[in-house]
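Chains as they are written, first to last, in our numbering: chain A, 64 to 336; chain B, 64 to 336; chain C, 64 to 336.
No wet-lab data here; the hints were simulated from the structure. Accuracy of the hints is not assured; some may be wrong.
Pairs involving identical chains hold if they fit within one copy or between any two copies, as the list cannot separate such chains.
Distance condition first, Cα-Cα at most 35 Å in a straight line; then the derived DSBU-like pairs of lysine-lysine [unchecked claim]:
#	residue 1	residue 2
1	K161	K243
2	K161	K141
3	K169	K141
4	K74	K161
5	K141	K243
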Amino acid sequence: MLGEMLENVRKLRPLVHNITNYVTVNDCANILLACGGSPIMSDDIAEVEEITALCSGLNINIGTLNSRTIPSMLAAGKKANGLGLPVVLDPVGAGASKLRTETALKLLDEVWFAVIRGNISEIKTLAAGSGTTKGVDADSADVVAEENLESVCQFVKDFSARTGAVVAVTGAIDIVSDSKTAYCIYNGQPMMGSVTGTGCQLSAMTAAYAAANPESILEAAAAAVCAMGVCGETAYERLTALDGSSSYRNYIIDAVYNLNGKALDNRARYKII
Amino acid sequence: MLGEMLENVRKLRPLVHNITNYVTVNDCANILLACGGSPIMSDDIAEVEEITALCSGLNINIGTLNSRTIPSMLAAGKKANGLGLPVVLDPVGAGASKLRTETALKLLDEVWFAVIRGNISEIKTLAAGSGTTKGVDADSADVVAEENLESVCQFVKDFSARTGAVVAVTGAIDIVSDSKTAYCIYNGQPMMGSVTGTGCQLSAMTAAYAAANPESILEAAAAAVCAMGVCGETAYERLTALDGSSSYRNYIIDAVYNLNGKALDNRARYKII
Amino acid sequence: MLGEMLENVRKLRPLVHNITNYVTVNDCANILLACGGSPIMSDDIAEVEEITALCSGLNINIGTLNSRTIPSMLAAGKKANGLGLPVVLDPVGAGASKLRTETALKLLDEVWFAVIRGNISEIKTLAAGSGTTKGVDADSADVVAEENLESVCQFVKDFSARTGAVVAVTGAIDIVSDSKTAYCIYNGQPMMGSVTGTGCQLSAMTAAYAAANPESILEAAAAAVCAMGVCGETAYERLTALDGSSSYRNYIIDAVYNLNGKALDNRARYKII
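This is chain A alone, in the form it adopts within the complex (with noise of 0.2 Å):
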């Protein structure tokens, strides 16, 4: 059934509009092109909206956000509310200034989302409406593992409850999950944390295969960050001795563009709470 939500992507080529940081644009746009969607990058004032409209999608990236910026998402993402377009947050670095709290906050208060992926100490952070966050990587204090796993689902509940959006916690075990259905993946490589960008990529795809899958948004959110996670394994696989996190890199994207729906569901692992 997951295979189903990639095949749409590919069927359906949906162009994303994505106001993302300048650290991992390139393979933003590089993962949605090796999924089956097209990128567009767009963050003037003067053109947001009109790019929006254009599109299918958009994906809100805040991990190098300015005070340029920040209007351009919000109007953006209004836009897209109003055209009934899904539409991605990415909380990167969230509870690491007031700037990324307050903003994603405020994104969360103006914008609905139909997808929230952060790591679990942004998650967290946004849920209390403040937060600390060792940069961009999640906080050792909050790793996700089966001990504590049915309490973090019944927080991700909660917290999808309250915002209206299926939200995504990636980490050793990733939840997707709306108020009711929690989606808990085990596909996935630690290695991928030496390559940066891996969640902003993820951000991305989550948008087009949202964007395909309208109708399905929990499933088409579970089915990206399977995809992710399985991508993730298959490259590591690939590796020889010589190669390291930038052959990685190159070889998840690689990954992502080999992928097909009956592969995905062959080696999707996760289990519904």
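Following the hints, complete the assembly by docking chains B and C onto the known chain A.
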């Protein structure tokens, strides 16, 4: 003869000033180095004229244009004109928003371009003064094929006559034309569309070819377009079963790095109309 | 001993704040992860001080400086000084424009840098208070070679004494020096000049080495420079006939990912003057 254009780039190592988008800027820098040129990126109004004056060519790409960088594009373009340096325009997404269309038209109005390179939808937008473009890719309604090749060539020649620029329309068949002579180029590989920014990279490389061959802009632009197409082909031949769009991206730049004039002449496939 | 510097990075995983250019920012993030550190990029004046305060080091690179980010560089630099965190300056293109030269000098005036890393033309510009640089590469007139090594070392020592910074001048022979001791480093590979941003990457990595070895800044900077050179060599050895500058770029970061202290000590080639 096209091969000579390439060899002049390797001989002269032209420094090219790029005011370009943040999505594909790294690829533009790397392809400039790979082809034998040297890149510098700079977009602050306080320095762009000085930077242009150090260079042998200028590449203006509106892919992520914004209120801060548009005046810099105009200032650098005028400076280059004053110094007699070739300027390339890549009107990314012209037709997709008023800001893009109007900025491209304003640039055409105030700056003389040696080369304008875009897809057919972007070029039609510039020629008509308005248009609609599906994001940053050409509309399927606009495709250049054998059936409409002569009429498209005439359109491109007319647009070249009006602007005084060599016009490069890239797609399944590429057309590079001044007001009298059109190169119809058959090199290239459809998979290049799966890598973000191959068009941006080509524009940057075209600036280097023009800078190294200022007396032969038409041949220089045709050579750059052929070279990119040939490298798309040789990179494709190198792909293994596990490779995808990310390895392909690397192999294209590798191929540019390894290409010489003789190989370009051997593999170039074009006719002149 | 240099190997110990590297191992401390892997042990302590220092978080490094980068205010850097948008051309090579992704490579900077990836090399920081590859060497064992952790990157965060942030340049808005509203948050840079908070972000710096989360980190163990700061890397300031003026490669695409602009009116919005220059105040952020100054604010973050002062914050880091107040907290006693090492700050690295990469004066990209100092000498190529008044804006670059003046910004670099202002930074030197208001911020204390633990390490300044640039090519010989950039460092000469900073030392003289003015200069001319051919874009972002060193002038050929300035090349460091065996014949002028002693006089260049004395120049670097003097500049170090004036600024209180360890100064790293990279080129065919690299010089890393404080006011008394100069490491002359022979590692490296000319083909590194075909990849954009190997200098930027080295500066980012140097910030991680300095952050993990705050009591041994000279040795830390020398270790980072050696490590980059060694990785340029091992990556070169790995190239196949079809590989070019893009595969080389990946192999360098792969090599950084795979390098350990013992291998660094084995392959480091330097003399102390």
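Status of the hints after comparison with the structure:
Taking the shortest alpha-carbon separations for K161 and K243, only the intra-copy value of 31 Å comes in at or below 35 Å, while the best inter-copy value is 43 Å. With identical chains, the CA atoms of K161 and K141 are at most 35 Å apart both within one copy (23 Å) and between copies (19 Å). Proximity of K169 to K141 under the C-alpha cut-off of 35 Å is found in both arrangements, the shortest distances being 12 Å within a copy and 30 Å between copies. Within a single copy, K74 and K161 get their C-alpha atoms only as close as 41 Å, which misses the 35 Å cut-off; across copies the closest is 29 Å, which meets it.
Only within a single protomer do K141 and K243 lie at most 35 Å apart by alpha-carbon distance; the minimum there is 26 Å, versus 49 Å between protomers.
The structure shown violates none of the earlier numbered hints.
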